[in-house]
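Construct the entire structure; sequences and hints are all you get.
So the sequences go chain by chain: A and B. Each residue of the first sequence is one higher than the one before, counting from 13 in our numbering. Each residue of the second sequence is one higher than the one before, counting from 13 in our numbering.
There is no bait here: all hints are sound.
If chains are identical, the list can't say which one is meant, so a pair holds when it fits in one copy or spans any two.
In silico lysine to any residue, SDA-like type, Cα no more than 25 Å apart, as pairs: (1) 53 <-> 120; (2) 53 <-> 148; (3) 53 <-> 121; (4) 320 <-> 13; (5) 320 <-> 14; (6) 53 <-> 150; (7) 320 <-> 104; (8) 53 <-> 125; (9) 53 <-> 117; (10) 320 <-> 38; (11) 53 <-> 13; (12) 320 <-> 120; (13) 53 <-> 149; (14) 53 <-> 116; (15) 53 <-> 145; (16) 320 <-> 149; (17) 53 <-> 104; (18) 53 <-> 21; (19) 53 <-> 141; (20) 320 <-> 58.
Since the hints were made in silico from the structure, they are not lab data. Here the structure is a predicted model, which means the values were calculated and not measured.
There are 2 protein chains.
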Amino acid sequence: MVTLAEVARHAGVSASTVSYVLSGKRSISAPTRERVEHSIKELGYHPNAGARALASSRSNIIALMVPLRTDMYVPVMMEIAIAVATTARSHGYDVLLLTGEEGPAAVRRVTGSGLADAMIVMDVELEDERLPLLHAARQPTVLIGLPADTVGLTCVDLDFTATGALCAEHLAELGHREIAVVGEAPAVYERHTGFAERTLEGLRRRAGELGVRLLHRACEGSYESMDGTLSRIFDERPGTTAFVVQNEAAIDPLLSLLRRQGRAVPEDVSVVAVCPEQVATQASVRLTSVAIPAQEMGRRAVELAVAKLAGGAPEEQVTLLAPELTVRSSSGRAPGAP
Amino acid sequence: MVTLAEVARHAGVSASTVSYVLSGKRSISAPTRERVEHSIKELGYHPNAGARALASSRSNIIALMVPLRTDMYVPVMMEIAIAVATTARSHGYDVLLLTGEEGPAAVRRVTGSGLADAMIVMDVELEDERLPLLHAARQPTVLIGLPADTVGLTCVDLDFTATGALCAEHLAELGHREIAVVGEAPAVYERHTGFAERTLEGLRRRAGELGVRLLHRACEGSYESMDGTLSRIFDERPGTTAFVVQNEAAIDPLLSLLRRQGRAVPEDVSVVAVCPEQVATQASVRLTSVAIPAQEMGRRAVELAVAKLAGGAPEEQVTLLAPELTVRSSSGRAPGAP
DNA sequence: GCCGGGCGTCGAAGCGCTTCGACGACTATG
DNA sequence: CATAGTCGTCGAAGCGCTTCGACGCCCGGC
Numbered sequence: 013m014v015t016l017a018e019v020a021r022h023a024g025v026s027a028s029t030v031s032y033v034l035s036g037k038r039s040i041s042a043p044t045r046e047r048v049e050h051s052i053k054e055l056g057y058h059p060n061a062g063a064r065a066l067a068s069s070r071s072n073i074i075a076l077m078v079p080l081r082t083d084m085y086v087p088v089m090m091e092i093a094i095a096v097a098t099t100a101r102s103h104g105y106d107v108l109l110l111t112g113e114e115g116p117a118a119v120r121r122v123t124g125s126g127l128a129d130a131m132i133v134m135d136v137e138l139e140d141e142r143l144p145l146l147h148a149a150r151q152p153t154v155l156i157g158l159p160a161d162t163v164g165l166t167c168v169d170l171d172f173t174a175t176g177a178l179c180a181e182h183l184a185e186l187g188h189r190e191i192a193v194v195g196e197a198p199a200v201y202e203r204h205t206g207f208a209e210r211t212l213e214g215l216r217r218r219a220g221e222l223g224v225r226l227l228h229r230a231c232e233g234s235y236e237s238m239d240g241t242l243s244r245i246f247d248e249r250p251g252t253t254a255f256v257v258q259n260e261a262a263i264d265p266l267l268s269l270l271r272r273q274g275r276a277v278p279e280d281v282s283v284v285a286v287c288p289e290q291v292a293t294q295a296s297v298r299l300t301s302v303a304i305p306a307q308e309m310g311r312r313a314v315e316l317a318v319a320k321l322a323g324g325a326p327e328e329q330v331t332l333l334a335p336e337l338t339v340r341s342s343s344g345r346a347p348g349a350p
Numbered sequence: 013m014v015t016l017a018e019v020a021r022h023a024g025v026s027a028s029t030v031s032y033v034l035s036g037k038r039s040i041s042a043p044t045r046e047r048v049e050h051s052i053k054e055l056g057y058h059p060n061a062g063a064r065a066l067a068s069s070r071s072n073i074i075a076l077m078v079p080l081r082t083d084m085y086v087p088v089m090m091e092i093a094i095a096v097a098t099t100a101r102s103h104g105y106d107v108l109l110l111t112g113e114e115g116p117a118a119v120r121r122v123t124g125s126g127l128a129d130a131m132i133v134m135d136v137e138l139e140d141e142r143l144p145l146l147h148a149a150r151q152p153t154v155l156i157g158l159p160a161d162t163v164g165l166t167c168v169d170l171d172f173t174a175t176g177a178l179c180a181e182h183l184a185e186l187g188h189r190e191i192a193v194v195g196e197a198p199a200v201y202e203r204h205t206g207f208a209e210r211t212l213e214g215l216r217r218r219a220g221e222l223g224v225r226l227l228h229r230a231c232e233g234s235y236e237s238m239d240g241t242l243s244r245i246f247d248e249r250p251g252t253t254a255f256v257v258q259n260e261a262a263i264d265p266l267l268s269l270l271r272r273q274g275r276a277v278p279e280d281v282s283v284v285a286v287c288p289e290q291v292a293t294q295a296s297v298r299l300t301s302v303a304i305p306a307q308e309m310g311r312r313a314v315e316l317a318v319a320k321l322a323g324g325a326p327e328e329q330v331t332l333l334a335p336e337l338t339v340r341s342s343s344g345r346a347p348g349a350p
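Here is the structure:
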């Protein structure tokens, strides 16, 4: 274990000089710097993280809280997590992975121990029990997702309301008058994770404005559940000609079951999905979809956190990413439409 | 920021006493302990992670290196990552998330800086470039996956060779004589990640022993690719009556395309998958499958790492988890079989 | 009644780094 | 030519914790 002192001795300078070479916080003459850098390389020196954290009260670590559940939108989460890790590294930070399991206790532990300099919290619920603690902590925090009350918080999320509206518009333009929304699993609504509700709200409002009828049904991501949901939808609204799906796991079952029922996509029914690009392009039909910009969300979250750490960011800031609808092969003019 | 010294003053004891109360490394009388614990609670004290790491040269952090690619077996990885995080917490460790992006440099950085006490590496390639560094590091390391040479390494993995053999046996018993293997994407084989090859090897060997013909084709997880693969398989071996799939993303396309071609599962063709339980039970047909025990792998990896840290584990230890085949509704007797 | 040995507690010495003030050696300025 | 300012470097003081040796104290044994 090479220490800074050994590097200093090897280079014939004092410890503080080595430190300043490393941090660049004071000017160092070129020859000295080179000598020090050479010694560092030659000895294979790596600063000790603990000592550095203790002395500077900065750990250069960003904590990321991911939900414990592995049953939902996993690819999205993973993509966010990886984007967070990658972006954090590019800013000189490492990422500490916390699971929701510990709940608020994890927040307390991390902020209390100085383990991390900032915190990124995923899967925020509308009335999240971690919020009060996050408020109290002097640690910069960024939420991915939107709680009910965003006062004093920094949040990043896809603008799901606009997403819903966008889907409604697209389908209305194509002449559809009866749209069915296949939502997330009931559990998602029960947890009040916000995004599902917001999509629905956007859909409802815009559909209302455009005179389109909307039917919403929650749905698990299995074939059985999709089968039931589908029957109920067509029983209740036989004139349904379009679907909006927000549950990744439900997409394949939906397409598959529609096909089995002899309903062609997009000739008989149109389908618009809210899902990651990859899912949309790899489904059995190339799906018209609004992408969930997971990478972008992760990246933004880190950048906001870093900005807050540098003191250059406003206290409160809600970043809603504008949705983009990509037309592919699953949506077309409504059957009876002109 | 409450410090240990303040707790000590508040409780009327010395700092070392508080430290010993916290660590339990020396006996403390009950009244003193209670007084200290009470002060800790009252002041809301949390030990500073950096100071602790510096003084004890233990960070209580386990580093987890996950592959950067988000294109493959993502749910499995996520499940492993979460199991690692959860298990680590239950042993008093936090988890640092590293992406493969930095490659060997990340290993050097983490081991050099004392950021983590141990390291868990996922997605190990047969001739992984990180291996020499991991060997050199005095940090305990556990690999999830099997490199070509395991000398001196601790590894955890599903026994994919046995998995392949198990699939072959199951299908042979049902009377199938021609089996097609739908493998991972070509990129997986190019990276030499081992597990795909090992499954194939197990399949080949056992199939050979049982007199069953085997055809292997790599396949991307898309419908187009699956479509092509399927045609080529039936062109080459029209008598194929069974499939083994190891690519999660290929499962839905496979089932869907078979159905479209009018081949019933399991009446005309049987399908056996190697995938997480959840995928097997949520597909359009409940799949006979060998589960990938992601949680178990994550848990084991952490436990091995912790054991190594405690000094109670052998240097070299390869843990191969025995595969279990669960018969569901996608496999049945071969059409012509007695 | 005296001595050896636990047991419980304390003081002090670091762990390796950052950072602040100080200080010598220059350069620019009037 | 004296003086103020700048630049590059150093020394020392911690950051908050762990841990080792030391030191009373009280107990039991003879």
